[in-house]
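Positions in the sequence shown are counted from 1; adding 775 to them yields our numbering.
Derived Cβ-Cβ restraints for the label pairs, each shown as a range:
no. : residue 1 : residue 2 : range
1   : 817       : 838       : 47 to 55 Å
2   : 793       : 918       : 34 to 42 Å
3   : 913       : 850       : 38 to 46 Å
Calculated cross-link-like contacts (lysine-lysine; reagent style DSS-like; alpha-carbon spacing at most 30 Å):
no. : residue 1 : residue 2
4   : 928       : 814
5   : 928       : 811
6   : 920       : 811
7   : 814       : 920
No lab work stands behind these hints, which were simulated from the structure alone. Positions of the beta carbon are idealized from the N, C-alpha and C atoms, including for glycine.
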Amino acid sequence: QYNTWSQVLPVKDFWGLVPTNQTYVANFTYVYALPKFSKWVSGRAPRLALDNWQVSGITTFASGFPNNISLNTTDSFDFTGGGDVTAQAALTCNPELAYGNRTFAQFFNTSCVARPAGRGSLGSILNNAPITGPGFNNWDMSLTKRLPVREGKVIQFRWEVFNILNHAEASTLNLTARFN
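Please model the entire structure based on the sequences and the hints provided.
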């Protein structure tokens, strides 16, 4: 099956994942009312200070987004000879590294990426996004204290923290294959 604008490339070569595809996303929401400590410590002051505390939050774990490897050459070689198609890098093996082998310095196996052979060679990764970007986890939490004023009336103090673990999240990768 070929498309109408090019009789050289089958349409199936352009099928792939959409850039917003995420394989896994898990969201957890929680609310926990801390026990009333005035059961163990009597008096008005401990009841005001230690009762009516609540912890809540939203925690997200998600896999990364699909990424494609772009091609760049220093000699500006025209692989396609013109037209609507852009040449892509050629893959010689699966570039995905095992989770334990990924680092900030090397997220995928760069030795699997090669320069296309020559004019008319368009590479092997036209649109199938062989690299899945880094996943992430995010912890948003709040601590709430309710102070009853009178029946049906309360004052609420709230402390909200976004990304409470304050850890870095890698979001983009350098996916440009540059050949000299």
